[in-house]
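K.L.:
From first to last, the protein sequence lines are chains A and B. According to the working numbering, the residues represented by the first sequence are 96 to 343, in order. According to the working numbering, the residues represented by the second sequence are 81 to 343, in order.
Each hint should be verified, as a subset may be incorrect.
[Said to hold, decoys possible] Covered by chain A, per the in silico footprint, the following chain B stretches (three or more residues, Cβ under 8 Å):
id, stretch
1, 148–154
2, 161–167
3, 316–323
Hints listed in this document are in silico derivations from the structure and should not be mistaken for laboratory results. Yeah, the Cβ is synthetic: ideal placement off N, Cα and C, and Gly gets one too.
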Amino acid sequence: MKRLWETIRSPFQLLGRTIALLPSARKSHRKILESMYSIGNQSLVFIALTLAFLGLILVYQGAYQALKVLPDLTPVGPVFIGTMVRVFGPTIVALMLATRVGAGIAAETGSMTVTDQIEAMKVTNADPVEYLVVPRFIASIIMMIVLWVFGVLVAVAAGTLIGTLRFGIQLRTFLSLSGTTMSDVWVALFKCVIFGAAIPILAADSGFKATGGSEGVGWATTKAVVHSLFTVILLDFLISSIAYRFGW
Amino acid sequence: MSKPVETDSFLGNFGRTFITAFQTVGAMTLLQLRIFRSLLAIKNFDYDESVTQLFKVGVRSLPVVVATATFVGALMVIASGNFVRATGATTLIGWAAGTAVFSEVGPVLIGLMFSGRVGANNTAELGTMVVTNQVDALRVLGIDPIGYLIVPRFIAMIVMLFLLTAIGDLFALAGGSVACRAVLGIDMRIYWQGILDSNLLSEFIMGLVKAIFFGGAVGIVSCHWGLQVTGGARGVGRAVNDSVVTSAIAIFVVNFFVTVLWT
Numbered sequence: 096m097k098r099l100w101e102t103i104r105s106p107f108q109l110l111g112r113t114i115a116l117l118p119s120a121r122k123s124h125r126k127i128l129e130s131m132y133s134i135g136n137q138s139l140v141f142i143a144l145t146l147a148f149l150g151l152i153l154v155y156q157g158a159y160q161a162l163k164v165l166p167d168l169t170p171v172g173p174v175f176i177g178t179m180v181r182v183f184g185p186t187i188v189a190l191m192l193a194t195r196v197g198a199g200i201a202a203e204t205g206s207m208t209v210t211d212q213i214e215a216m217k218v219t220n221a222d223p224v225e226y227l228v229v230p231r232f233i234a235s236i237i238m239m240i241v242l243w244v245f246g247v248l249v250a251v252a253a254g255t256l257i258g259t260l261r262f263g264i265q266l267r268t269f270l271s272l273s274g275t276t277m278s279d280v281w282v283a284l285f286k287c288v289i290f291g292a293a294i295p296i297l298a299a300d301s302g303f304k305a306t307g308g309s310e311g312v313g314w315a316t317t318k319a320v321v322h323s324l325f326t327v328i329l330l331d332f333l334i335s336s337i338a339y340r341f342g343w
Numbered sequence: 081m082s083k084p085v086e087t088d089s090f091l092g093n094f095g096r097t098f099i100t101a102f103q104t105v106g107a108m109t110l111l112q113l114r115i116f117r118s119l120l121a122i123k124n125f126d127y128d129e130s131v132t133q134l135f136k137v138g139v140r141s142l143p144v145v146v147a148t149a150t151f152v153g154a155l156m157v158i159a160s161g162n163f164v165r166a167t168g169a170t171t172l173i174g175w176a177a178g179t180a181v182f183s184e185v186g187p188v189l190i191g192l193m194f195s196g197r198v199g200a201n202n203t204a205e206l207g208t209m210v211v212t213n214q215v216d217a218l219r220v221l222g223i224d225p226i227g228y229l230i231v232p233r234f235i236a237m238i239v240m241l242f243l244l245t246a247i248g249d250l251f252a253l254a255g256g257s258v259a260c261r262a263v264l265g266i267d268m269r270i271y272w273q274g275i276l277d278s279n280l281l282s283e284f285i286m287g288l289v290k291a292i293f294f295g296g297a298v299g300i301v302s303c304h305w306g307l308q309v310t311g312g313a314r315g316v317g318r319a320v321n322d323s324v325v326t327s328a329i330a331i332f333v334v335n336f337f338v339t340v341l342w343t
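Extracted from the complex, chain A is given alone in its bound form (with noise of 0.2 Å):
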């Protein structure tokens, strides 16, 4: 029970420290040049790879429930559009942003930490918050809703790719927003912000207390990538609920 305790109470007291140094960035945008380029241009082929199969299969399995219960296949473009935008799109590139992103980070301070590098910075007067958590943070932010933008794009190219090639259904009808409300933009864009700031934060952490060689790093590693892929679909779920009975 405590452990539990300390596993939910350390990560928020991370954010804090990190928000509370975030007007240090100023001085630092060329290290959150660098983390942006790790994060988000390093995970493009990933990402694509990764979406453009989920898009293939919403659709394929759409029309083919669809075909089951209706007799026309002109709302499965519309709403694959939509669920992609709200639903699919923003959790599952965070799911993915979770798995590479956050692994990397936890192996890095990880690494950094069992080899006293993070003791040297604390020596030396320098804060490893500061260097460490903080470009990344912002970073990852940013590249979430880029990322969120390409993932859903590339899905929903795969997708008309499949709906019209293998279904036979008009392009036209196919790419419509008429299941996408703006409401749909902004929920997933809060969610967006919400679980790039996550991600690091329990990289970071993880990575952070991480003790004893190589196997402290690989165990470091493993709970970031849970905890990050754990706390996404719980906020998500948080998000999605509260998006819901406001009306969003």
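Following the hints, position chain B against chain A.
P.N.:
Coordinates of chain B only, in the frame set by chain A:
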């Protein structure tokens, strides 16, 4: 394995991506073949190690899988709630959430969670054994590392992901029913009736078949990255990172092909 030529040009990077990807797929296929060969020679099979692995893989990841599945079920109900509200067809909610959970979202998200919990842990464990020369020590003792280390893990992952998906699906439905009442304000009976009426047996079985393939994929991928770790703590961290990324790609690709072949 020969390293691709080091260049910084765009084309060089582009080509390098493909060469590394093919090398990885090739190495994994070889590992797969060695596992099957070891499986055929039953004498290599280590019973105790298999039971330990089944326990480690299954029992320890049960809480996180159950918790994830419950929230995923709730999420699917809320997602379909948006369309139910637009059309007013409350009877469709059980069908929509049930189909989504059984055939796609349930197996995929439980698989991703599993790869994070079990696959990553497995890579870290094997990687640590490699960097501390324990795998070489096994070879010196005349024990085949594939038969002793890899095969029990591979089997444990397939068996346990299958069982975890079956359990997780049920928790997802339960989570969905709670969300249906608490968030959407629709009577639970309508939701359960919708699930029972829509005859989802085929979707449920397809999800379990997917789980078998996902378990195999996570097993191969995590063992592959664990066995080829080099260079201390940093190397282990990087291997875990590569392992979860490759597992996620494998899950989405396999998912697509199983669905297309099934329907």
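K.L.:
Tell me if chain A covers the stretch 148–154 of chain B under the three-residue, 8 Å CB rule, please?
P.N.:
holds (count 4)
K.L.:
Counting residues of the stretch 161–167 of chain B that have a beta-carbon nearer than 8 Å to any beta-carbon of chain A, does the count reach 3?
P.N.:
holds (count 3)
K.L.:
Are three or more residues of the stretch 316–323 of chain B within 8 Å, CB to CB, of chain A?
P.N.:
holds (count 5)
Violated hints are absent here; each numbered hint is respected by the structure.
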